[in-house]
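Student: Below are the chains, spelled out letter by letter.
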Amino acid sequence: MSDFNNDIGQQLHRFHGGLQLRHYKQISCTESPPFIAVPKQLVVPLQQHAGLIAEPCVEVGQRVLRGQRIASAQSGISAHLHAPSSGTVSAIEARWVHHELRCQAVIIDCDGLDEAVALTPLNGWTQSAPESVVSHLQAMGVVGLGGAVFPSAQKIHQSLHQEQNIHTVILNGAECEPYLSCDESLMLSRPEEVIRGAQILCHAAQAQQVIIAIEDRMTEVEKRLLQCIKTKNLSHIQVVQVPTYYPEGGERQLIQVLTGEEVPSGGYPQDLGLVCFNVATAQASFKAVEHGEPLIQRLVTVTGQSVQHPGNWWARLGTPVDDLLRAAGGLQQAVDRIVMGGPIMGRCLIDTQAPVVKASNCILALSNAEVHDPQGELPCINCGFCVRVCPARLLPQELHWAVRSQQLDRARDYGLMDCIECGCCDQVCPSHIALVEDYRLGKHQLRVQQQEQQRAQLAKQRYEARQERLQQHEAALAARRQVRKSPASKPLDAKARIAAALAKKRQQKAAQQATNTTPPTSSDEDRS
Amino acid sequence: MSQGQTPSLQVGGAPHLPPPRSVASIMREVLYALIPGILAHVWYFGPWILFQLLIACTFALLAEWAMLKLRQQPLKPFLSDYTAVVTAVLFVLCSPPLMPWWVSAIGMFFAIVIAKHLYGGLGQNRFNPAMVGYVAVLIAYPQVMTQWLPPQMLFDELGLRSLDIGQGLWIILTGTPPEALTWDTISQATPLDTLRQGATKNLLINEIRVSPIFGQFGGWGWEWIANWYFLGGLWLLYRRVISWQVPVAAIATVVFLTLPFFLMDPDAHPFPMQHVFSGGIVLGAFFIATDPVSGSSTPMGKLLFGVGIGLIMLVIRRWSAYPDGVAFAVLCMNMLAPLLDRYTRPRIYGHER
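Chain order of the listed sequences is A and B. Under our numbering, think of the first position of the first sequence as 921, with each following residue one higher. Under our numbering, think of the first position of the second sequence as 729, with each following residue one higher.
No lab work stands behind these hints, which were simulated from the structure alone. What you are looking at is a predicted structure, and each value in this text was computed from that prediction instead of being measured. Just so you know, even glycine gets a beta-carbon here, dropped at the ideal spot from N, CA and C. Careful: at least some of the hints might be erroneous.
[Claimed, not checked] If we take Cβ atoms under 7 Å as the criterion, some of the chain B residues that face chain A in the derived model are:
#, residue
1, P743
2, H744
3, R749
4, I754
5, A868
6, P870
7, V872
8, P1020
9, T1072
10, P1074
11, G1078
Given these sequences and hints, build the entire structure.
Tutor: This is the structure we're talking about:
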């Protein structure tokens, strides 16, 4: 066997900083999550994944079937979208996903028949080439379901086409944000599907082992996964318990805990021979490959003090959040905000009609008491609490000052682009400064600045090239003028001129014989 | 319809968890941690410090209010953040108990108006406001600032007269002892002063320490107050309001720098613990040098900050005209803090170096 490191997960390491948070997970974790009924209308936003928005490939008025592709990935980083149920496309229009994202969405009026297209499983995937598994995952619209929604096929594709071989697939089951329990619930209810998905991803990435990382409080999950592994006799799949500590489930932090190594700045886990997927992504890959089912539903945690009966539900993508809240017993009056995602990194919803998307791991209805901040923002007092908790070992307060004073170069120098936006600094800040919002703004500005610089650089190169051309032209002209003017060339007698011409001709010939490539300088002059 | 019953939703940036701490809560914890030390102070030196606290806090809040008004800043969040109170309390804990009220007022003027608000208010001050105020009055009123009382229990032994409440308040209000009393009859040089004067007379440490004002390690009474500050400091460490680097580095520097001298010549150099438990080292290391705004914020920077304070303080104690140097040491290191921060940046995740 090759040189891969068999010790991964044998000894756990620590990452810098982080937070011990009350996790509130028990209130929603359920063993067999029910399905939400298909709603009357589905709203399928075209931007549900990292990268470029998908382009619709259906028309208004067209009837679509469940699993039919309704929007295609653009070239580059992007993913396909499929109809979550059968019905008629009634509109393609802009809708709010959350308060920071409004994009075009395909609206499907469901007919209630839930008629499916012919499903195309990839039979015998164990024998097929990894690339065909990858393209199948792409066709099924599988993206990372942990929150970053990076197209899974492209992740594997990248790792297959790099120098470093992938030796280990890490399945991330350490959902570290408080309240979330959809991954735990998934592993409890469908351990075999997760394990099968792990095998598929391992095969696709041509890795030698799989490590499923779960939190140390998930003892029941461990039992079920191990039982599954044992009955199938899969020695290359391990389950590792990692401490319940935020942001343990961050890809880079998890890798540090499992291997003690750090993903290089600006690089990817693939640089270390690792590739990470969420456990839900593995399950979706299983569905896609073995059943031919595209990614049209996901497990969603519905929780928070403002819902009556927190829990997990399977929901079709495009289902209004309102349906989930109703399934959870409805909202109580004290609701302050509804968050899509966890309480530390999640985004607020504009209203309860917002659809479930691929990234919706959690719908969190928080009461006033859960978010109350009577102080408001005060100036930074340099307390250094943020320095203590930053898992990227940044100096968050320095970044804050640099971004607020628009010193973007300084911010970059202090590692702004290395910020993983985990929100630890935000959470501990006694001045209640919206630090991560600052960083996101700063990163955006830096990217814009970089693009502008590149453009400016190109323009400058073009300008300089043109200047040089003009200068050469000018110089050539001047040289010719000089030659004409110079007394040596003008008043000579005919004989001498003929001799000079012959000599020139001879010289040219010699030069041409010497190098066939470079034309003699005189021809340049002639052209000018 | 379902929309009809949907309550209006708030929309805000993450995180959506209640923040566990606020500036005010941190400052309150600092104040709580000082309570044992203050009570010990009252026990040993009388109730004067309580009046001083009242006076200084009043002037601090007045100055804060006036500056916020002038700078057109919101009043409520800044007046209720307790930072001015902490500044006032730390100033008082460094100052003699019978300091006249105007000295306190001037100290607070320098602390709040000059050191804090003229530099841009909360979070912007380059120097520790309490120490700026203290040093300003130390230089302006050198005599007043060195008129210390001995511990009450030693009055008889030292042949001094004790003060009643009225006499004490009279001094605080007028700046002069009431008739029938003079400074000589009520005040006493501090242990550090005594040590310094003894040393200039070439007395042995043991000869100097015969005076009843010395206790086990430091000054009699003083060392117990320091113990209570120490306890408060441990509480702050436990609560993670302060980090360990500054106090540990400062105290360790004092101990390790004085230890070899003591071992070489115990007659001329005091026991390291005497350095630690006299003057303002414990208070300074745990409560003053840990001021976040004017300090360093990187782990290594904090260590160096603490080392620098220990070092400069010893230099001042040994060679300068001032018996104690915590305030100057803190101000000197405040100047260096930005530089320390700049050159002690931690290695970022995923970076070489």
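Student: Decide, hint by hint, whether the structure agrees.
Tutor: Here's how the hints hold up against the structure:
Nearest Cβ of chain A to the Cβ of B/P743: about 4 Å, under the 7 Å cut. The hint holds. With a cut of 7 Å, the hint placing B/H744 at the interface with chain A holds, because the nearest CB-to-CB distance is about 4 Å. For the restraint placing B/R749 at the interface with chain A, the shortest Cβ-Cβ distance is roughly 4 Å, inside the 7 Å limit, so the hint holds. The closest approach between the C-beta of B/I754 and any C-beta of chain A is roughly 5 Å, which is under the 7 Å cut-off, so the hint is satisfied.
With a cut of 7 Å, the hint placing B/A868 at the interface with chain A is violated, because the nearest CB-to-CB distance is about 29 Å. Proximity of B/P870 to chain A is violated relative to the hint, the smallest CB-CB distance being about 32 Å (cut-off 7 Å). The restraint placing B/V872 at the interface with chain A is violated, with a minimum CB-CB distance near 32 Å, outside the 7 Å limit. With its C-beta approaching chain A no nearer than about 4 Å, B/P1020 sits inside the 7 Å limit, and its interface hint holds.
Violation of the interface hint for B/T1072 is found here, the shortest Cβ-Cβ separation to chain A being roughly 10 Å, above the 7 Å cut-off. Annotation: interface hint on B/P1074 holds; nearest CB of chain A at approximately 5 Å, less than 7 Å. Below 7 Å, beta-carbon pairs count as interface contacts, and B/G1078 has one with chain A at about 4 Å; its hint therefore holds.
The structure fails to meet hints 5, 6, 7 and 9 from the earlier list, while all remaining hints are met.
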